[in-house]
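Colleague: Using the sequences and the hints, build the whole thing.
Going line by line, the protein sequences match chains A and B. Here the first sequence is numbered in this note's numbering, starting from 1 and rising by one per residue. Here the second sequence is numbered in this note's numbering, starting from 1 and rising by one per residue.
If you are wondering where the hints come from, they were derived from the structure by calculation, not from laboratory data. Please note that a few of the clues may not be correct.
Partial pick of chain B residues on the chain A-facing surface, computed with a CB cut under 7 Å [said to hold, decoys possible]:
no.	residue
1	Y61
2	G75
3	K224
Remember, predicted model here, so these are calculated numbers, not experimental data. Every residue, glycine too, gets a C-beta built ideally from N, C-alpha and C.
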Amino acid sequence: MTARGRSPWLWAAAIAAYAFLYVPLVIVVVYSFNDSRLNAEWVGFTLDWYRRLANDSDMLAAAGNSLLIGITASLVSTVLGTMAGVAMHRYRPRLLPILVFAPIAIPEILMGVSLLIFFVLLNFTLGLVSVALAHIAFCIGFVAIVVRARLAGMDESLTEAARDCGASPANAFRYVTLPLIMPGVIAGALMAFTLSIDDFVITFFTAGAGTVTLPLLIYSMIKISVTPEVNAVSTLLMLLTLLLIVIAAKLSPTLLRSE
Amino acid sequence: MTFRTIPAALAALLLAVAATGVPVPAAARDELHLYNWNNYIAPETIKRFEGVCQCDVVQTYYSDNEELLAKLAAGAKGYDVLVPTSNAVQALIRGGQLKPIDKTAIPNIKNVDPAYLNTPFDPGNQYSVPYAMSTTIIGYNDEKIKELGLPTDTWAVIFDPKYLEKVKGRVTVLDSANELFAAALKYLGYSANDVDPKHWDEAAATIRKAKPYWAAFNASSYIKELTVGNIWLVHGYSNDIFQANQDAQAAGRKFHILQGVPKEGAVLAVDNMVIHKAAPRPDLALRFINFMLDGRNSAELTNLIGSGNPNADAMKYIKPELLKLPAVFPPKDVQAKLEQLKDLTVAQRRIRNKLWTEIKASR
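Modeller: Set out below in structure tokens:
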């Protein structure tokens with residue numbers, strides 16, 4: 001781009017793209033305050049849906065389960081995915097990339113059914129743990145891809161310099177490599193969290209009796225019409241996600257920016 | 001750098017959620033696991049049962065019989081009571097997924113209207129007991145339809161262009177090949193379970209001729225569209241149409257959403273309580289089934305969602321305005337014209353899918 005100001009077309013395109021991304025979210029939030037069960041038109045302002053949500057133990061338990069699974073899956077798959085990413089970058093193994101990336105390419109329905117059959121074979125009780133394990137399994141690949149891309153753009157001589165100065169391999173990783181790839185690691189973690197929290201298909205098959213996550217609950221409500229209570233719980237989840245990003249950005253201002 | 005604090009913060013959050021968000025099961029109270037449709041049992045009924053059995057009812061939901069079948073076929077377990085529709089009951093019996101019901105443990109089965117017992121889906125009710133039901137009928141906006149002078153007691157209003165041209169773009173039909181073919185077959189004077197390919201072709205032609213007049217194939221948001229007043233005439237489920245009217249009254253609309261039972265007959269869907277073969281607590285399951293067959297408990301669901309009720313003892317607890325609805329409580333002459341859908345064979349399903357795809361793709 002030249003310095004003579006940006007073209008209005010670019011502005012228009014940018015605004016249209018952002019509108020496409022954010023207007024639906026804004027509508028969800030606005031209608032969570034709508035005083036109508038139907039939610040087809042604006043009737044009036046109310047906090048009723050939030051009040052109702054606070055008393056809806058089903059919905060709260062489902063949201064709690066979703067968060068718990070999302071955070072666990074994101075933490076564990078970030079650690080494992082980062083390790084896989086580093087290993088793939090450094091040692092160029094042949095088999096590992098196939099193993100790590102296969103769960104991304106496999107259709108979800110296949111993965112869900114095969115995991116269920118696997119758990120049943122092991123006589124593993126289906127529940128929060130089986131869902132979390134399944135989510136970790138499909139999240140690892142996404143984290144590994146992001147981390148490996150970050151590593152590919154990193155100057156390898158920095159790690160070598162650290163080693164030359166006498167750092168142990170562990171220290172060189174911890175004090176040089178890890179900080180440099182951290183934006184990739186965080187991006188991977190956030191991606192894993194998002195993927196986990198809205199997964200339906202794999203969760204449906206691996207969840208046990210009594211394990212209800214938010215997507216499972218909302219989906220089962222579609223048949224009897226979704227109330228603005230769903231908007232309310234979505235709004236709260238959005239706030240929480242936003243909060244996570246803001247905290248991450250506060251902790252490290254360079255985190256969400258490319259240098 | 002402070003990167004290390006991020007995982008730490010996440011871990012702290014995780015602990016916080018673990019401490020508050022997820023209910024930790026209280027000291028070994030008995031649990032009954034109910035795998036059910038969403039909003040398909042009244043909260044007060046659950047509470048009362050929990051009081052009687054000194055146990056907790058834990059519900060998990062499905063939104064489609066096929067979901068339930070797929071999950072159980074893959075070997076999922078941990079559920080005590082399931083509530084599948086009759087044809088799914090048949091599939092579950094065939095798959096060896098159910099435990100026979102000990103009738104001596106459920107004396108309340110005497111309350112069930114004999115018309116709903118001993119059906120071809122489960123002869124002798126060895127495995128299943130009817131829970132609640134719905135019919136697939138005509139729903140309409142009384143103000144608009146009266147204004148236009150259209151009949152509401154015949155499928156012709158959904159399929160005949162003579163009537164449809166007056167309500168063009170204001171009609172929706174269910175996005176379900178089985179339901180729509182059943183309605184078209186009934187309109188043509190055949191059984192909803194007719195499997196003659198020639199009759200299917202006739203039905204497909206009828207549907208294609210009517211399709212340009214319909215606004216959409218819609219199985220999820222037509223309740224809302226009816227209530228708002230965008231759509232005036234639907235092919236839909238009786239409890240959805242009941243719900244649409246309740247919403248319309250609550251929103252202060254001037255019109256009502258009424259039910260029309262076609263004189264040609266309609267599809268009846270009965271959901272049944274069954275016990276899974278791997279039920280952890282078959283004893284509690286039997287107690288629950290017997291409890292739900294009690295008239296008062298059974299009536300609470302009907303009063304909540306306007307579902308049909310096969311329980312004769314429940315009638316005295318049901319709101320009178322519901323009892324008057326022929327689609328919810330069909331009188332004997334209507335009952336005789338209702339049919340439950342049977343499963344199709346693989347070959348039949350292939351033919352129907354092909355016809356359905358052609359219908360969906362046609363203009």
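Colleague: The hint names B/Y61 as touching chain A; please verify it with the least Cβ-Cβ distance against 7 Å.
Modeller: Holds, because the Cβ-Cβ distance from B/Y61 to chain A comes to roughly 4 Å (cut-off 7 Å).
Colleague: How about B/K224: closest beta carbon in chain A under 7 Å, or not?
Modeller: With Cβ-Cβ at 5 Å, under 7 Å, it holds.
Colleague: A closest beta-carbon separation below 7 Å is what the hint needs, so does B/G75 meet it against chain A?
Modeller: holds, 4 Å
Going through the hint list in order, the structure satisfies each hint without exception.
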